[in-house]
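Just so you know, the sequences run in chain order F and U.
Note that full-length UniProt numbering gives residue 187 to position 187 of the first sequence, counting from 1, and the numbers run on in steps of one.
Note that full-length UniProt numbering gives residue 43 to position 43 of the second sequence, counting from 1, and the numbers run on in steps of one.
Keep in mind that the hints were calculated from the coordinates and are not lab data.
Among the clues, some could well be false.
[Claimed, not checked] Cross-link-like lysine to any residue pairs, in silico, SDA-like; alpha carbons within 25 Å at most:
#1 U:Lys215 / F:Ser236
#2 U:Lys220 / F:Ser236
#3 U:Lys321 / F:Arg5
#4 U:Lys402 / F:Ser236
#5 U:Lys220 / F:Arg5
#6 F:Lys314 / U:Lys215
#7 U:Lys220 / F:Val146
#8 U:Lys220 / F:Leu389
[As the list claims (entries may be wrong)] Short, incomplete list of chain U residues facing chain F, as computed with Cβ under 7 Å:
#9 Ser33
#10 Val35
#11 Ile43
#12 Thr138
#13 Val262
#14 Pro266
#15 Asn268
#16 Leu294
#17 Ala310
#18 Phe319
Every residue gets a Cβ at the ideal spot worked out from N, C-alpha and C, and that includes glycine.
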Amino acid sequence: MRILRQGGVTGAVIGLFWAFVMAITVSVTLSFASGLGFRPGSLGCLVLGVAGGLALIYLRNARMVMGGFVLLCVVLMFTPLSPILFGEAVPIHWQLMAVVAFGVFFIWPLNVMLVEAHPGALSRHAFEDAVIRFLTGFGYIVFTAVVLIPFYVMVMTSLKSQQALLRNPLDFSIELSRGWDLFRSYSELFGQFNFGSYLWTSFYVSVLTVLITLLFSVPGAYAVARLRFQGRAAFSRSILLIYMVPMIVLALPIYIVFSMTGLRNTIPGLLMIYPVTTIPVALYMLQGYFRGLPGEVEEAGLMDGLSRLQVIWKITLPLSLPAMVSVSLYVFMIAWNEFLLAFMLLDDPSKFTLTRGVAMLNSSEIPRQHLMAGAVIATIPIMALFLGLERFMTKGLTAGSVKG
Amino acid sequence: MTVPTPPTTRGALERREARLAWSLLLPTITIVSLVIILPLLAIFWISFKPVGLADLRPVAPVIRESLRERSGEMVIEYRVRNSSQQKEIVGLGFTDTLHDGVTLGVLPEPCSVDGSALRCDFGDVEGGFNERIRIPVTLVGDPDALEEMVEGTEPTGYGTGDNILTNTEFTLDNFARIFDGDEFWSVLWATTFYTVFGTIGALVVGLFAAMLLNKSFRGKGVLRGLYLFPYVSPIIAVAFTWVTLLDPFSGSLNALLIQMGVVESPINFFGQRPLALIMVTVFEIWRYFPLSFLFILARMQSIDTDMYEAADMDGASPFQKFWYLSLPMLLGILSVLFLLRFIWTFNKFDDIFLLTGGNAGTRTLTVNVYEQAFAISNIGAGAAVAVVIFATLLVFSFFFFKYISQEEGL
Chain F
1 MRILRQGGVT GAVIGLFWAF VMAITVSVTL SFASGLGFRP GSLGCLVLGV
51 AGGLALIYLR NARMVMGGFV LLCVVLMFTP LSPILFGEAV PIHWQLMAVV
101 AFGVFFIWPL NVMLVEAHPG ALSRHAFEDA VIRFLTGFGY IVFTAVVLIP
151 FYVMVMTSLK SQQALLRNPL DFSIELSRGW DLFRSYSELF GQFNFGSYLW
201 TSFYVSVLTV LITLLFSVPG AYAVARLRFQ GRAAFSRSIL LIYMVPMIVL
251 ALPIYIVFSM TGLRNTIPGL LMIYPVTTIP VALYMLQGYF RGLPGEVEEA
301 GLMDGLSRLQ VIWKITLPLS LPAMVSVSLY VFMIAWNEFL LAFMLLDDPS
351 KFTLTRGVAM LNSSEIPRQH LMAGAVIATI PIMALFLGLE RFMTKGLTAG
401 SVKG
Chain U
1 MTVPTPPTTR GALERREARL AWSLLLPTIT IVSLVIILPL LAIFWISFKP
51 VGLADLRPVA PVIRESLRER SGEMVIEYRV RNSSQQKEIV GLGFTDTLHD
101 GVTLGVLPEP CSVDGSALRC DFGDVEGGFN ERIRIPVTLV GDPDALEEMV
151 EGTEPTGYGT GDNILTNTEF TLDNFARIFD GDEFWSVLWA TTFYTVFGTI
201 GALVVGLFAA MLLNKSFRGK GVLRGLYLFP YVSPIIAVAF TWVTLLDPFS
251 GSLNALLIQM GVVESPINFF GQRPLALIMV TVFEIWRYFP LSFLFILARM
301 QSIDTDMYEA ADMDGASPFQ KFWYLSLPML LGILSVLFLL RFIWTFNKFD
351 DIFLLTGGNA GTRTLTVNVY EQAFAISNIG AGAAVAVVIF ATLLVFSFFF
401 FKYISQEEGL
């Protein structure tokens, strides 16, 4: 441990690790971007990582080190010591780009990590700071990659043709020469697979679910939050308890009853179930918010001769508009993303919701890019809502996350 | 002088308030009991019954009518059938309306005619009952129009079949069936593995993500939004994306691994034991870390920074600050999240169903419900598994209320 806390050793070890992280990152990124062969060179990473770490510790001039380092990488490009190795068909400008990117993204963050390190023994504080900075950088890369790659693959696959995908599953470059033909799977989904109608069904089912949910949960939440009555605590608890009942347990009896009453395969059937799954969440979120509102305003309203219902309508609701937006967004998201019930209860392709429609595309006869295009279509509206109203959405998520 | 004391009985105002509260809650209570409580009771009922998917279509008489010529003479032929091969129908029969211009000949045994109403009674019949009744007729008028008229009116059948869902036949076969054999233990193992590691993984990964974002820098909002993507997007989209990405034949990840020289031949991530179970757990962690991340971050940002400054003055190192200051402060939210995620992971169905369909050792209890009920068409057995799940949940919720209710805000 003590040896590790020597400035030079710290620099070399962190440099070594960072070189590998960067080499892998650059290789993966460029492979995904171009479909060409890049992979990290272990020997090069080993030598260059240690060298870079030592250079930063002992020379202390980041700009100079970076210049020299990039040059070194370019020189080593054609030797076995190259930090990144190339497949046979990789053109020279891609190779150059890879090595330069490696050099820059290696030295620049490494300099930040080692900012408090110096030659000689380091204090525990300085050492741990360097380690934490390395871990932070590593964390950003891993998290971003892990989250982004699936979405990138989803969008890019939907723009490819089946043959191109089979030829090289790594090639996600966009063939701009295809022009509008790029969006062929989308136009086929809307043209031949009826996705326009699924989109519309999902939309109005979700909106109606939000409205019905609010209709039931606002009075309920108000009662639980503001009014005194026997059984209030028990009621609060049973709301929470209902969260815990798994949908698959309920789906079976619902399927049976709906089969026998002819509600299966109908949208009204779905609209009877969806709100009930969201009412407990909405009620729970809203009562928390109502409780936080100052009671005095409402009491003043009562004194001025308003009835309770008028107080709710004229005072409480306007005051809780942000909470209503959060709840609505969250409920909309649940209803839009719902899959299990739609899958079990709908058989007739003319009545599918979007998620049920996408599930239908998962067959060996339908090419993969159609499935991915369907996934993109299902994701885009919810992403747009999320990105536009992130503030409300995050609030809704934190308040309503009991629903898993 | 009397000392004022608080009222001991409930006043009129208070009663009115309680009445209002219950009337506000009544719609919710009604709809929730209809859609949640009733099905829950129903699942207990069904779990003791030998119900198959086919039993959902009730046993009923099927009657077809046709007018045809047989050895120079016109006959109306009725085909009467029991829709079930096994179950009997009590009091089977049918009625039909006769048209003008149709005169019936000799009536066969079970039939009688009253004015223009024909009625045939077969009494109680066994499963698989199938009979033809031929009634000779004489026609007056245009034969084609008459044929159309005769075949145009549907005969009305009657008779009641025994409905397995409502009768009083109970059996423990369903439970015996699901508890029997190694399969149950493998299901239980998969459920436990998935739940425990999925929960802990999502918490730990969420904690790391929260630590990364617990400082202010440019682009923090963007990263926070980005890290929430997996949770916000529809399960159907992300699950199929993972399946595509990890496909052994055309998946990008395998191509990447081979190119990097990590593996020799493609890995079938979702198709082999025990890798499939590990992969669905990894997926669960990936999809649900955002939630714990969001909560932990919120709690981190409410921790007073004075404490850290004091620790800095005392010369505490960053790891010491995390271990001795942050972690104890986060323990409350972590335990709440653990319990919640544990229950929800245990309940999860869609994810595994979409990723592997419960194959390659990934069948959890929830997937087993679907498998028994719809793949094997044994609804009773599916219900029995559901009862097992529900019983386990009752145990969980006991802990939930014991510990969670103390945590403010949840």
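Does U:Lys215 lie within 25 Å of F:Lys314 when you go C-alpha to C-alpha?
-> violated (41 Å)
Per the CB criterion, is U:Val262 less than 7 Å away from chain F?
-> With a minimum Cβ separation of about 9 Å from chain F (threshold 7 Å), the hint on U:Val262 is violated.
Is U:Lys215 within 25 Å of F:Ser236, Cα to Cα?
-> violated (36 Å)
Is U:Lys220 close enough to F:Val146, meaning Cα to Cα at most 25 Å?
-> Holds, because 17 Å separates the two Cα atoms, which is no more than 25 Å.
Please work out if U:Lys220 and F:Arg5 have their alpha carbons no farther apart than 25 Å.
-> This hinted pair is violated, its Cα atoms lying about 31 Å apart.
Against chain F, is U:Thr138 within 7 Å by beta-carbon distance?
-> violated (42 Å)
Against chain F, run the beta carbon of U:Leu294 and see if the smallest gap drops under 7 Å.
-> Holds - the Cβ of U:Leu294 comes within 7 Å of chain F, reaching about 6 Å at its closest.
So, U:Val35 near chain F? Judge it on the closest CB pair being under 7 Å.
-> holds (4 Å)
Tell me if U:Ser33 is really an interface residue toward chain F, meaning its C-beta lies closer than 7 Å to one of theirs.
-> Violated. Min distance 10 Å.
Residue hint U:Phe319, partner chain F, criterion CB-CB below 7 Å = Holds, because the Cβ-Cβ distance from U:Phe319 to chain F comes to roughly 5 Å (cut-off 7 Å).
Given hint F:Leu389 paired with U:Lys220 - CA-CA distance at most 25 Å | holds (16 Å)
Is U:Lys220 within 25 Å of F:Ser236, Cα to Cα?
-> violated (36 Å)
Of the numbered hints given earlier, the model fails hints 1, 2, 5, 6, 9, 12, 13, 14, 15, 17; all others are met.
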